[in-house]
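For reference, the chains in residue letters:
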Amino acid sequence: MVTLTVAGGRVARAEARSDRPRIAGRLFDGRAAGEAEPLAGALFAICGRAQSIAAATAVEQALGRAASEPVRLARETRLAAEAAQEHLGRLLVDWPRLAGLETAVKPYARARALLSPLLASAPGATLPQAALDVNEWAQSAVFGVSPADFLSLDSVNGFANWVRGAGTSPASLALAVLERHARLGASDTAFLGTADASMVESLAAHLDADPAFDDAPHWQGQPRETGALARMASHPLVADAVETFGPGLAARLVARLLETAAALGDLRTGRGSRHGGARHGDVGLGWAETARGLLVHRTRVEGDRLAGYRIVAPTEWNFHPEGAFVRGAAGLADDGALEAAAHWIVGSLDPCVGVRCEVIRA
Amino acid sequence: MCLAIPAKVVELRDADLAVIDLGGVRKEISLALVEDVRPGDFVIVHVGYALQKVDPEEAEKTLALFAGLDAPARASA
Numbered sequence: 001m002v003t004l005t006v007a008g009g010r011v012a013r014a015e016a017r018s019d020r021p022r023i024a025g026r027l028f029d030g031r032a033a034g035e036a037e038p039l040a041g042a043l044f045a046i047c048g049r050a051q052s053i054a055a056a057t058a059v060e061q062a063l064g065r066a067a068s069e070p071v072r073l074a075r076e077t078r079l080a081a082e083a084a085q086e087h088l089g090r091l092l093v094d095w096p097r098l099a100g101l102e103t104a105v106k107p108y109a110r111a112r113a114l115l116s117p118l119l120a121s122a123p124g125a126t127l128p129q130a131a132l133d134v135n136e137w138a139q140s141a142v143f144g145v146s147p148a149d150f151l152s153l154d155s156v157n158g159f160a161n162w163v164r165g166a167g168t169s170p171a172s173l174a175l176a177v178l179e180r181h182a183r184l185g186a187s188d189t190a191f192l193g194t195a196d197a198s199m200v201e202s203l204a205a206h207l208d209a210d211p212a213f214d215d216a217p218h219w220q221g222q223p224r225e226t227g228a229l230a231r232m233a234s235h236p237l238v239a240d241a242v243e244t245f246g247p248g249l250a251a252r253l254v255a256r257l258l259e260t261a262a263a264l265g266d267l268r269t270g271r272g273s274r275h276g277g278a279r280h281g282d283v284g285l286g287w288a289e290t291a292r293g294l295l296v297h298r299t300r301v302e303g304d305r306l307a308g309y310r311i312v313a314p315t316e317w318n319f320h321p322e323g324a325f326v327r328g329a330a331g332l333a334d335d336g337a338l339e340a341a342a343h344w345i346v347g348s349l350d351p352c353v354g355v356r357c358e359v360i361r362a
Numbered sequence: 001m002c003l004a005i006p007a008k009v010v011e012l013r014d015a016d017l018a019v020i021d022l023g024g025v026r027k028e029i030s031l032a033l034v035e036d037v038r039p040g041d042f043v044i045v046h047v048g049y050a051l052q053k054v055d056p057e058e059a060e061k062t063l064a065l066f067a068g069l070d071a072p073a074r075a076s077a
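For the record, the sequence lines run as chains A and B.
Numbering-wise, the working numbering puts 247 at position 247 of the first sequence, and it's gapless, one number per residue.
Numbering-wise, the working numbering puts 35 at position 35 of the second sequence, and it's gapless, one number per residue.
Just chain B, with the same shape it has in the complex:
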């Protein structure tokens, strides 16, 4: 199962692309399936596409929940 780990958008790029930060790891993804995303927003990413925006408060709660898991569990999500 794919865990919905909220990723923070750190940079917007041309052609609907953006850079996200997921626990310190940065990755370029597509924003083609979501609207009105700005740097600082949290998104859920699946196979290279942001699928939805997440309310920052909800994102922090979810991140705290996943932080309770051990590293291999998080890495495989």
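Excised from the complex, chain A in its bound form:
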């Protein structure tokens, strides 16, 4: 639930309240360690692969084990496929709807079908044809050029040329965003870059010290934006988009398109670094970079049973009480389109649950 309080014709206060209960402990604690991976995959409606991979990695870390290389590579394939699938859902369906454009539901259904063998990638399996097929589909339905060529765009001028020439539904979406909402939702929220073991270990210390950290996570003393924009900030096109429009809708859209192209490229090469683990005392941590941002699972294993299970989801970073949504919505003009603007900012941060928006006019 987000609430905007208007005074003097502008949003004087924006609030984001988490009504997502902390239930990881109740669902996982006391179960056999081996149940964590399948349970996490079944419990969550979206990002099921990331959830199960973060769970499996957290348990391995708690037990002092490491996954074999074929297992690690299969996990990377599943994560790249899931990231592409989630990004494409925003680019083809959810964001066109927010922009008042026609949605591309059928192309998205086709993308999901093409990604489905890669989402189920097993250790030792290689799926070169499936990776090729989804890349060819994306070239025609999303980019109008090869994903690799799109990834090499390095300036807003180059991107604007792409928007005019690509002839795809995401290019029409990009045109609408550039013309009407390019700066919307920009704020001075710091970015949470791509995770690594040391970042996740420092998060573990905060989790130990603060039972409410899961609801309002922070890093190095600040709330952070997580997700495509934060991870891709050093890409030359993203850096130019941030410089030109601020870190708002246009920059988030550009970063999503680039990450989609990168994920499709990773599916072809079999590379990727979207997950990992860390150990903090007797606590195991597993992390995965999902389309929405950083996901962390944390558990101990006591006599083969899970204990102290906690999950920090990307939505809690971006909808932190002082985070990217709240700062990005502050000061918006109450100009007759405030609700639509708020929904756009929410959508650009892609929460993993439906978010209601309330406007209070004093």
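No lab work stands behind these hints: they were computed from the structure.
Treat each hint with caution, since some may be false.
What the hints assert, rightly or not - With a cut-off of at most 30 Å between alpha-carbon atoms, the simulated DSS-like pairs for lysine-lysine come out as follows:
1. B:K27 with B:K53
2. B:K8 with A:K106
3. B:K61 with B:K8
4. A:K106 with B:K53
5. B:K8 with B:K53
6. B:K27 with B:K61
7. A:K106 with B:K27
8. B:K8 with B:K27
Mind docking chain B on chain A? Use the hints.
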């Protein structure tokens, strides 16, 4: 996090739409992203779209698991 609560399809409608029953609450959703869904099947729904079909046995297991949570936890999913 969005819990994957299996919803039972109770009625098919035109234009890839269907009515689901989620713990007694009925809602119209889109089936555009899944294939071959019939009344009685279980699906996972997210923001108005069925994302996948769920094996009925798995669905019952998951529903039993969520039934152990208190009402507010389930309502917010």
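TODO: Determine which of the earlier numbered hints do not hold for this structure and return their numbers in increasing order.
DONE: none
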